[in-house]
Amino acid sequence: MVDLIDESTHVRSVVLDLPDWPGHRAGQHVDVRLTAEDGYQAQRSYSLASSPEDGQVVLTVEVLDDGEVSPYLAGELQVGDQLELRGPIGGYFVWTADLGGPLQLFAGGSGVVPFRAMLRHRAAANGGVPVRLLYSARRLEDVIYRDELGRLAANGETDIRFTLTREWPDPWGGYRRRVDREMVEQVAWSPEDRPLVYVCGPTGFVETVADAMVELGHDQAAIRTERFGPSGG
Amino acid sequence: MSFISRGFHGRRRVPDADRSRIPPGQYATSDFPVLSAGPTPRTSLGSWTFSVDGEVDEPLEWDWTGFQALSSELITVDIHCVTKWSKLDTRWRGVSLDTVLEGVDTAAEYAVASSDGGYTTNLPLDDLLGGKAWIAFEFDNAPLAPEHGGPARLLVPHLYFWKSAKWVRRLTLRIDDEPGFWETYGYHNYGDPWQEQRYAGD
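Just so you know, the sequences run in chain order A and B.
For the first sequence, the numbering used here puts the final residue at 233, and the numbers step up evenly by one.
For the second sequence, the numbering used here puts the final residue at 202, and the numbers step up evenly by one.
Among these hints, one or two may not hold up.
[Said to hold, decoys possible] What follows is a set of in silico ranges between Cβ atoms, one per label pair, in the way DEER data are often shown:
1. Asp31(B) with Arg177(A): 24 to 30 Å
2. Arg42(B) with Gln56(A): 41 to 47 Å
3. Ala145(B) with Gly80(A): 43 to 49 Å
4. Asp126(B) with Tyr40(A): 47 to 53 Å
Since the hints were derived computationally from the structure, they do not count as laboratory data.
From the three backbone atoms N, C-alpha and C, an ideal C-beta is built for every residue, glycine too.
Could you build the full structure based on these sequences and the hints that come with them?
This is the structure:
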């Protein structure tokens with residue numbers, strides 16, 4: 001582990017130097033395995049936050065209060081420590097530039113992590129593919145990659161909309177509620193644009209968005225979902 | 001090869017009583033996480049059917065009412081998801097595949113389960129027989145919720161839970177093995193949690 005980056009109050013990125021890394025596709029994840037001195041082991045999966053072109057491998061970890069692995073990664077792990085991981089894993093919730101677009105991304109909370117890899121991969125591939133992202137967070141301070149997303153939005157490359165569900169800064173130009181069908185309809189490409197749709201977040205968020213997209217006429221086979229339940233770790 | 005993670009002690013150690021029931025690399029959870037690759041299909045009971053086809057003399061098909069008329073049983077089993085959680089003593093009601101396939105004469109050694117939404121998964125036929133697999137339609141004495149695979153899902157608790165296809169509608173018996181959805185995306189072809197067969201090559 002070569003660097004730790006605070007992304008928000010309870011989210012940290014772990015930067016890894018992996019000389020033998022075989023490369024990955026944006027959207028894939030890794031399994032992290034921790035081993036205690038008495039041999040006890042715990043494993044969890046984490047999405048890769050770095051693009052294949054980044055050179056370093058980055059995991060962005062949300063610390064769960066009752067978690068086992070996430071508090072260790074974000075609290076105990078120090079620069080120079082070794083970390084055992086396996087991957088890349090998963091071949092479905094991925095986007096590579098040759099798949100084209102347009103891209104429609106929906107992120108709930110730390111569900112934005114695989115999208116950061118996709119957005120960086122798109123930039124490395126010289127853009128071209130239009131992207132819309134809806135990102136739902138509880139409050140502005142919980143928005144991960146805020147500066148990076150802000151830069152992408154500011155130079156017009158990416159259409160990024162936010163909804164905050166608990167607290168709002170003043171002024172606030174984004175949405176102020178949990179995602180619903182009306183919001184999805186307002187922000188999303190229309191079915192005629194035939195977007196590739198990726199939805200990542202807690203189950204309730206994913207269910208709401210995916211149901212809305214199907215009802216709006218999008219091909220269910222073009223909607224890829226990745227969910228995390230309350231029992232991560 | 002594992003090495004010691006400096007400063008890691010573990011917080012979710014499995015109680016001794018349950019240790020023999022939690023496969024390697026898993027932890028016990030009391031909630032019921034949802035994992036699926038796409039939108040949740042919404043199939044009305046009026047249009048629901050379940051069929052058996054492939055290597056059979058006569059394909060079989062039931063509508064919802066006909067399927068409910070088959071003899072069902074209460075099942076209490078431990079389930080193990082490849083994403084590392086295990087859930088002990090889950091309670092279901094369903095129809096045993098022994099009942100579904102009763103009287104079927106086949107040379108098939110494999111089966112592919114197909115679901116609404118296009119999901120598929122493959123299993124050896126032997127793993128579906130002998131009281132090891134069910135088509136389940138109730139969880140905890142209530143109709144199975146759509147996000148957990150309702151109206152009905154395959155239940156094969158001795159394999160990782162992606163083999164227990166949600167929204168199952170068809171079982172195709174086959175002479176040869178044909179990898180299903182996750183099996184073609186890098187996951188293990190068989191998926192025995194006790195052998196920790198998570199990914200291809202394990």
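- Query: Which hints, by number, does the structure contradict?
  - Reply: 4
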